[in-house]
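Work out the full structure: start from the sequences and follow the hints.
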Amino acid sequence: MVRVAVLMLVLTAVAPARGQEPENRGRYAFVPVPEGALRLNTQTGEVSLCSGEGVALACKLVPDTEAAPLAGAGEASGRIAALEARVAALEARPVVGDILPDEEALDRVAVLADKVMRRFFGLVRDMKREVEDEEL
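Here the sequence shown is numbered in this note's numbering, starting from 1 and rising by one per residue.
Rather than coming from a laboratory, the hints here were simulated on the basis of the structure.
Predicted model, so just to flag it, every value in this text is computed and none were measured.
The beta-carbon is built from N, C-alpha and C at its ideal position, and this holds for glycine as well.
There may be inaccurate statements among the hints.
So the derived label-pair ranges between C-beta atoms look like this [said to hold, decoys possible]:
no.	residue 1	residue 2	range
1	R79	P34	42 to 48 Å
2	A85	L57	50 to 56 Å
3	A73	R27	27 to 33 Å
4	E75	E35	33 to 39 Å
5	L106	A85	35 to 41 Å
Shown next as structure tokens:
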């Protein structure tokens, strides 16, 4: 956002003089500001703030606040692709509840249930006999 505002300031200062300059302006355009001067790289679009006194002029790149969030976009898109692949793989697998038992499995369960019930009723019958024998 700051970079856009600075760039707009530079372009509005440079635009009126454009008609008076020859087409080959050079690589940099300078605009005076209270802190020093803004240097616009006309080839890359980078904006630097130049400050200092006399011949000791130093230019520092103005941070691009709009590019910072976009820097992590490559990493995020890679993570999104990995997550989408994982979701697709998980959706392709059959869910355990969706698999119906076959006839053999149902028969085994029925036989097992029958055995359990017979043993249970046998135990109940034996306990009844013991109680009846004690009463006599």
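Practice item. Given the hint of 27 to 33 Å, check if A73 and R27 actually sit that far apart at their C-beta atoms. Key: holds, 29 Å
Exercise for review: With respect to the beta-carbon atoms only, verify the hint that E75 and E35 lie 33 to 39 Å apart.
Suggested key: At 34 Å between Cβs, range holds.
Practice item. Hint says 35 to 41 Å; check whether the CB-CB distance for L106 and A85 agrees. Key: holds, 37 Å
Practice item. Look at the Cβ atoms of R79 and P34 and judge whether their distance stays inside 42 to 48 Å. Key: holds, 44 Å
Check your understanding: Do the Cβ positions of A85 and L57 conform to the proposed distance bound of 50 to 56 Å?
Key -> Check passed, 53 Å falls within 50 to 56 Å.
In this structure, none of the earlier numbered hints is contradicted; all agree with it.
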